[in-house]
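Chains as they are written, first to last, in this note's numbering: chain A, 1 to 356; chain B, 1 to 356.
Since the hints were derived computationally from the structure, they do not count as laboratory data. Accuracy of the hints is not assured; some may be wrong.
Chain copies aren't distinguished; within one or between two, either way the pair holds.
[What the hints assert, rightly or not] Once the Cα atoms are required to be at most 25 Å apart in a straight line, the calculated BS3-like pairs of lysine-lysine come out as:
| id | residue 1 | residue 2 |
| --- | --- | --- |
| 1 | Lys104 | Lys3 |
| 2 | Lys3 | Lys200 |
| 3 | Lys200 | Lys279 |
| 4 | Lys200 | Lys325 |
| 5 | Lys314 | Lys326 |
Number of protein chains: 2
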Amino acid sequence: MDKRPEWTAHVRRVTPYVPGEQPNETDMIKLNTNENPYPPSPAVFEACHNLDPAAFSLYPELSAGSLVRSLAAYHGISEREVFVGVGSDDVLSLAFLTFFNADKPILFADITYSFYPVWAEVYRIPFACMALRPDLTIDPADYDRENGGVVIANPNAPTSIGMTVSQIEDVIRANPGVVVIIDEAYVDFGGETVLPLISKYDNLLVVRTYSKSRSLAGMRIGYAMGNENLIQALNDVKESINSYTINTASIRMGIASLGDEQYFQENLQKVMRTRERVKEALREMGFDVKQSQTNFLFVSHHTVPATEIFEKLKQRHIYVRYFSKKRIENYLRITVGTEEQMDRFLEAVREITGTF
Amino acid sequence: MDKRPEWTAHVRRVTPYVPGEQPNETDMIKLNTNENPYPPSPAVFEACHNLDPAAFSLYPELSAGSLVRSLAAYHGISEREVFVGVGSDDVLSLAFLTFFNADKPILFADITYSFYPVWAEVYRIPFACMALRPDLTIDPADYDRENGGVVIANPNAPTSIGMTVSQIEDVIRANPGVVVIIDEAYVDFGGETVLPLISKYDNLLVVRTYSKSRSLAGMRIGYAMGNENLIQALNDVKESINSYTINTASIRMGIASLGDEQYFQENLQKVMRTRERVKEALREMGFDVKQSQTNFLFVSHHTVPATEIFEKLKQRHIYVRYFSKKRIENYLRITVGTEEQMDRFLEAVREITGTF
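Use the sequences and the hints to build the structure in full.
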């Protein structure tokens, strides 16, 4: 006999996204959620220390206006071409809800950000997955078929591999009737951005986040850029769900971060230098390491199984990310940490793989 | 000829909620969005000053765990009975998406929080509006009919009028097969809460906010309490949209606010005392003023039209809320401000209505 309450029959059925573990050990090395190992800019510290809690009794600025204007100025576009959300997950899920209402399936890669099928399911959007090539790259030709929309992470996650602007442009050109979302969460770490194309294609939405390159995952800021009609549609749906999403503290720190370009660039350079060093070291230990344009490495060892490395690292309080998913079940995704963290990581991997 | 791009055919059609104006004049008196006129507790100031931006490079705690635990302890319930969101609008919209998936219409009052029909539209939920009685109170018997769910603001907005626990319990008892949401955004200002009923009815969801009674509208914190199966369903849908919504700063300040009960109660008393004084003063000036259990007053003048008072107050940089809606088109909603703000407000109203 079914003893579930009657109301459960009308609960939306979902398969939630499972984020990386958030362990909290004092001596741990956390390389599993692609956070930036360096603090945000000193300008963000200053903005934080200047916060006046008395102002928190009022609602935040409507549509996070001053942050939108700062982002527009930073990227040299109009403020009507910028939309801000609670991290890029908020922006992307709203974009799915806003733009993907056709009967035809939306298209994305079989191996990509695992939130895409989750959003499709929660909003009841049909979708089809395009298989990556054997080398885990995306074939632009796969997206030249009937569909209800396209979403591509570029560079892709967890593969770390980027596409060129011309490859992405092929995809956009093949899909004038639907919205094409390019998720550039990791683009600042050496990828090619298609941002300049938003003035050429009115159906292109470019999504960014403060969580990786700007060291502000904890303050939840993401944004989208595109033709003003796209941004207006996003705003209309957002205003139909929650008038005020970005809080006053995030607005202030988001603006402050944009004002310190030198720190931003130096931070990116540090992460990329460490990434290249670790990549070479891992290759010497017998790893296949994909050419990364992100702040993480996607690696597979020639002899030692990924699960074994994963577990043995965990025993040493080093957390990396493992996806139990066909085709990548022997890979690990490793966030690039500080030089010191990566030294300890490499030492542990050397022990585990027996390469001394 | 239709020149709209083809992709616009698949954009979700919505009629966004229109929040109250957010003017920004130095000498203004803002009584239009029901914010608290007093700052948050000194404990919140301390939590803010103790924020360490270095920690913002990491994602916030999963599911805002420590805030959930603090709320559970504060209300004397289990942490599995608490869900936290980005303001109560986030919580309520998620609850609509999660629980209202039947073919039958959900029910709410014809005059109530104007976001309810907006959420129903964006998520394509059928709905029916139950007319308030002529005195603008809710008739519990209206909710004893076939439906796909019920949502009641108690006390109701913009009427300011509350229902008793026993009236609400009648509604819950009549609806065992669907989820009943009681939106208690204003309950701290003298309303009757149905929170104790969550252990008795597994289909009751009680929603609260930090935006009014806790003076933290700017930090965006709302929450729901209910049977753990309801909370689990909400969490599953939330985790299917955005893993991290409440940022690190909001978590810290949200916890700090709960720790200062004395300030909280004194703040509430101050607002309620001012409310009663202003109510009497307005009645003396010829206003019909509803018996308020909120931090605002819902008023109508016997001779001077609401629109005229609204416009003339605005000329004096005093902002109140007017709803151009049948049956309440001659009412104004006035947030209770500080004693000084209300003195200036009353003086202005005296001039406008000619009562000296």
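Here's how the hints hold up against the structure:
1. Lys104 / Lys3: This pair counts as between: shortest inter-copy Cα distance 23 Å, intra-copy 38 Å.
2. Lys3 / Lys200: Between copies, since 17 Å is at most 25 Å while 57 Å is not.
3. Lys200 / Lys279: neither (37 Å within a copy, 58 Å between copies)
4. Lys200 / Lys325: For Lys200 and Lys325, neither the intra-copy (37 Å) nor the inter-copy (43 Å) Cα distance is at most 25 Å.
5. Lys314 / Lys326: Within one copy only: 22 Å inside, 63 Å across.
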